[in-house]
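Novice: So in our numbering, spot 68 of the sequence shown is number 63, and the numbers just go up one at a time.
Treat the hints with care, since some could be wrong.
[What the hints assert, rightly or not] List of simulated lysine to aspartate or glutamate pairs, DMTMM-like, C-alpha gap at most 25 Å: (1) LYS43 / GLU96; (2) LYS83 / GLU48; (3) LYS43 / GLU127; (4) LYS58 / GLU47; (5) LYS66 / GLU81; (6) LYS93 / GLU122; (7) LYS60 / GLU122; (8) LYS83 / GLU96; (9) LYS83 / GLU97; (10) LYS93 / GLU30; (11) LYS66 / GLU48; (12) LYS76 / GLU30; (13) LYS66 / GLU30; (14) LYS102 / GLU53; (15) LYS102 / GLU78; (16) LYS93 / GLU53; (17) LYS83 / GLU30; (18) LYS66 / GLU47; (19) LYS93 / GLU81; (20) LYS66 / GLU78; (21) LYS66 / GLU96; (22) LYS93 / GLU48; (23) LYS75 / GLU30; (24) LYS43 / ASP64; (25) LYS76 / ASP64; (26) LYS87 / GLU97; (27) LYS43 / GLU97; (28) LYS58 / GLU81; (29) LYS102 / GLU47.
Just so you know, these hints were derived from the structure itself, not from any lab.
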Amino acid sequence: FPVTIKIVTKAGKIDKRTKLGGSKKKLTKINKMAEFNISGRLTVGSLKKQFEEIFGLELRVYKGKQFADEKATLASISAKKVEDFECKGNIKVGNFEKRFEEATGLKVQVATLANTEGTSGQLVHNESTLAEASRHFRAN
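Using the sequences provided together with the hints, build the complete structure.
Specialist: See the structure below:
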């Protein structure tokens, strides 16, 4: 289902898009204010796809110590009621992972994509913001 993302341009104007997708060129220009909403209705697979399209990074979602089923909704695999929250590019990776667990009861880790040259599948440093990591690993 569609997800609304807000992109704040350098001039401070909000450019709204109702669906993820479009050209890769546009998506690589997303700055630190890129954001999207996470809710219990999202499937693990669609969350991971959106995260990759926006940030160019892999989001690993766990149920216990195993990877979560990509077809399952976040609410269906969480032991607690999932709170909706926003994912913004200016949040540090470690804070995002902590906030995700607080809101959903599920653990996540942010990693580089499997096809990232030189850093394939490595975890992203917790002190980097999502936007910084996105810019760094898209450039490599």
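Novice: If a hint holds in the structure, say so; if it does not, say that too.
Specialist: Going through the hints against the structure:
no. : hint           : verdict
1   : LYS43 / GLU96  : holds, 15 Å
2   : LYS83 / GLU48  : holds, 14 Å
3   : LYS43 / GLU127 : holds, 19 Å
4   : LYS58 / GLU47  : holds, 20 Å
5   : LYS66 / GLU81  : holds, 22 Å
6   : LYS93 / GLU122 : holds, 13 Å
7   : LYS60 / GLU122 : holds, 24 Å
8   : LYS83 / GLU96  : holds, 16 Å
9   : LYS83 / GLU97  : holds, 16 Å
10  : LYS93 / GLU30  : holds, 17 Å
11  : LYS66 / GLU48  : holds, 18 Å
12  : LYS76 / GLU30  : holds, 22 Å
13  : LYS66 / GLU30  : holds, 23 Å
14  : LYS102 / GLU53 : holds, 14 Å
15  : LYS102 / GLU78 : holds, 14 Å
16  : LYS93 / GLU53  : holds, 16 Å
17  : LYS83 / GLU30  : holds, 4 Å
18  : LYS66 / GLU47  : holds, 17 Å
19  : LYS93 / GLU81  : holds, 13 Å
20  : LYS66 / GLU78  : holds, 19 Å
21  : LYS66 / GLU96  : holds, 19 Å
22  : LYS93 / GLU48  : holds, 22 Å
23  : LYS75 / GLU30  : holds, 24 Å
24  : LYS43 / ASP64  : holds, 11 Å
25  : LYS76 / ASP64  : holds, 18 Å
26  : LYS87 / GLU97  : holds, 15 Å
27  : LYS43 / GLU97  : holds, 18 Å
28  : LYS58 / GLU81  : holds, 21 Å
29  : LYS102 / GLU47 : holds, 17 Å
Every hint from the earlier list agrees with this structure, and none is contradicted.
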